[in-house]
Amino acid sequence: MTKDSGSNDNESNIEEIDCLQAIEMIYAYLDGELDDEELAQYEHHLGHCRSCFSRSQLETALNKRIQESGKNEAPAEVQDRLRNLIDKL
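Numbering of the sequence shown is given in the numbering used here, commencing with residue 373 and proceeding in unit increments.
Keep in mind that the hints were calculated from the coordinates and are not lab data.
Since we're looking at a predicted model, the values are computed, not measured.
Here a beta-carbon is modelled for each residue, glycine too, at the ideal position from N, C-alpha and C.
Be aware that one or more of the hints could be misleading.
[As the list claims (entries may be wrong)] DMTMM-like cross-link-like pairs, simulated, lysine to aspartate or glutamate; straight-line CA separation at most 20 angstroms:
hint, residue 1, residue 2
1, K443, D403
2, K436, E405
3, K436, D403
4, K436, E396
5, K460, E449
6, K436, E415
[As the list claims (entries may be wrong)] Estimated spans, in silico, between C-beta atoms of each pair:
hint, residue 1, residue 2, range
7, E396, A446, 32 to 38 angstroms
8, K460, H420, 55 to 61 angstroms
9, L411, R455, 41 to 47 angstroms
10, H420, A448, 48 to 54 angstroms
11, D459, L392, 50 to 56 angstroms
12, G404, K443, 14 to 20 angstroms
13, I395, R437, 18 to 24 angstroms
14, E449, H420, 50 to 56 angstroms
15, G404, Q451, 30 to 36 angstroms
16, K436, I458, 29 to 35 angstroms
Between the sequences and the hints, there should be enough to build the whole structure, so can you do that?
Here it is in structure tokens:
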């Protein structure tokens, strides 16, 4: 994913991406699916774009919350009721 103009940041030689490209990369970033170049582009963009940085922070927090919510077990009483219902099928 590269910016159409193919511009480079002279300081770091990282090819810049635009906001749309950064937004499209959020979930790959959260899932650890970006290669080294894409990760550098994404993080570089976030370092310069307050809007995308805020969006990334929100998505990161939401993703963390979703992952944590799946770690809780249902109370034993609920588990027993579900087993009984399944057994009746």
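Hint check:
Under the criterion of a C-alpha separation no larger than 20 angstroms, the hint pairing K443 with D403 is consistent with the structure, at around 18 angstroms. Between K436 and E405, the direct Cα distance comes to roughly 16 angstroms. Compliance with the 20 angstroms bound is thereby established for this hinted pair. With a C-alpha separation of about 11 angstroms, the suggested pair K436 and D403 falls inside the 20 angstroms cut-off, and the hint holds. For a cut-off of 20 angstroms, the pair hint linking K436 to E396 stands: about 19 angstroms separates their Cα positions.
Restraint check for K460 and E449: the C-alpha separation of about 17 angstroms stays at or below 20 angstroms, so the hint holds. Distance restraint check for K436 and E415: the Cα-Cα separation of roughly 19 angstroms lies within the 20 angstroms cut-off, and the hinted pair is therefore satisfied. The supplied range of 32 to 38 angstroms is met by E396 and A446, whose beta-carbon atoms lie about 36 angstroms from each other. Range check, K460 to H420: about 60 angstroms between beta-carbon atoms, so the 55 to 61 angstroms window is met.
Look at L411 against R455: about 45 angstroms separates their beta carbons, and that is inside 41 to 47 angstroms. For H420 and A448, the Cβ-Cβ distance of about 51 angstroms falls inside the hinted range of 48 to 54 angstroms, so the restraint holds. A beta carbon spacing of about 52 angstroms between D459 and L392 agrees with the range 50 to 56 angstroms that was offered as a hint. With their beta carbons about 19 angstroms apart, G404 and K443 fall inside the hinted range of 14 to 20 angstroms.
Between I395 and R437 the CB atoms are about 20 angstroms apart, so this pair conforms to the stated range of 18 to 24 angstroms. A hinted range of 50 to 56 angstroms holds for the C-beta pair E449 and H420, which are about 52 angstroms apart. The beta-carbon spacing between G404 and Q451, approximately 32 angstroms, falls within the hinted interval of 30 to 36 angstroms. Taken as a hint, the range 29 to 35 angstroms holds for the pair K436 and I458, whose Cβ atoms sit roughly 32 angstroms apart.
Of the numbered hints given earlier, the model fails none.
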